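2 protein chains.
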Amino acid sequence: MKKKGQLIVISGFSGAGKGTVVKSLVEKYGYSLSISATTRAPRPGEVDGKDYYFKTEAEFRNLIDYNGLIEWAQYVDNYYGTPRKFVEDELAAGRDVILEIEVQGATIIKKQYPDADLIFITTKDVETLKERLAGRGSETQEQVEKRIRRAVEEAEMIDKYDYIVINDDLNTCIDTVHSVILGGKCKKERNEDFLKDLQENFSRIREV
Amino acid sequence: MKKKGQLIVISGFSGAGKGTVVKSLVEKYGYSLSISATTRAPRPGEVDGKDYYFKTEAEFRNLIDYNGLIEWAQYVDNYYGTPRKFVEDELAAGRDVILEIEVQGATIIKKQYPDADLIFITTKDVETLKERLAGRGSETQEQVEKRIRRAVEEAEMIDKYDYIVINDDLNTCIDTVHSVILGGKCKKERNEDFLKDLQENFSRIREV
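Sequence lines, in order, name chains A and B. Just so we're aligned: 172 in the working numbering is position 190 of the first sequence, and the numbers increase by one with no gaps anywhere. Just so we're aligned: 2 in the working numbering is position 20 of the second sequence, and the numbers increase by one with no gaps anywhere.
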């Protein structure tokens, strides 16, 4: 029997670098990445099926009605959700799947998949987060403040996560998240079938 | 406040390669290695303070009486034990300490240090273990059989461990054990102090 893949949820403050971490994990270690569905309009350069699955509101509603999303949420006027089929097919094929998802969605995933690893990426403090957001230079002061206010709310929710990884040095952070996933796969609870086989294998020796 | 080091217990079947794995972890990643005390006589080439602390039975008894060992056991006519001071000093200094220890000792350690990571190194099956033991060429058929009988008993105890790592390819096994340790350090329960500080740090922003 093929071992199922591991479901990994990665969240983090906007500006903590989780997008880069996730992208690198996929490129460097070959994880499968779930692509969200959304009703928001594509931004310049965004590709359907790569950045998001862009849906009309009717299409999105239909996905909800047919249990096609494992979680979904509404932000401002747009819907966002995680398509079920991709995730379940990949896990069944033994591939590890990463969901890059916000805090509310993560807790919904954990209820449905209690064995998922929930990983939160953070800067070492709020000052570092502010510096990074300001350093982007691509956002207004108002946008930066909005992201910080959001981060303050998210900070209260980190207790829901299984692991906390500090992104101080990007490469260290990427390899640490990979270690969290790789090491977690060795947990005894995740190898009960192997252990049972091994013990039977050894006990047959006893009888010889 | 300096974060305490992580206590790691590594066990495994004789012939599964745990000695080589432990040696490589120390050399490649700089883990601290606890050296056992024993009353058995040094074998040719063994160095006091490197392979073991060689003790007389009176000295060993004295260590036991003064609570100087965190676990000890008697095998055949000899005593073996783990000196307390080194382990506790290293952990307090924030260094991760590996104990290479057999199954009974591992369960005793877990009772005293519930946060220790217990890692069991195994071959993928009993046939591979037999081949490796026979392949050493340094042991009699009788010795090989004795080790296998011991492994059969140990196999029943693997349930006591937190992690199971298969040693199929040596380098993969070494890096996987390192991932288990590194990833484990990111567990939320092991970062409560950091998380509390971070949340306070963020909540002060809210008040501004």
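None of these hints come from the bench; they were simulated from the model. The structure presented is a predicted model; accordingly, all values stated were derived computationally and were not measured. Beta carbons: idealized from backbone N, C-alpha and C, even for Gly. Errors might be hidden in some of the hints.
[Claimed, not checked] Below, simulated DSS-like cross-link-like pairs (lysine-lysine); rule was C-alpha separation at most 27 angstroms, straight line:
#1 A:K106 with A:K170
#2 A:K5 with A:K106
#3 A:K178 with B:K(-14)
#4 B:K178 with A:K106
#5 A:K112 with A:K93
#6 B:K(-14) with B:K67
#7 B:K112 with A:K(-15)
#8 B:K(-14) with A:K170
#9 B:K112 with A:K169
#10 B:K178 with A:K(-14)
#11 B:K170 with A:K93
#12 A:K(-14) with A:K178
#13 B:K32 with A:K170
[To be verified] Covered stretches of chain A (chain B as the covering partner; in silico rule of three or more C-beta atoms under 8 angstroms from a C-beta of chain B):
#14 33 to 40
#15 83 to 94
#16 151 to 164
Checklist entry - Which numbered conditions among the earlier hints are violated in the structure presented, ordered from lowest to highest? => result 1, 3, 5, 10, 13, 14 and 15
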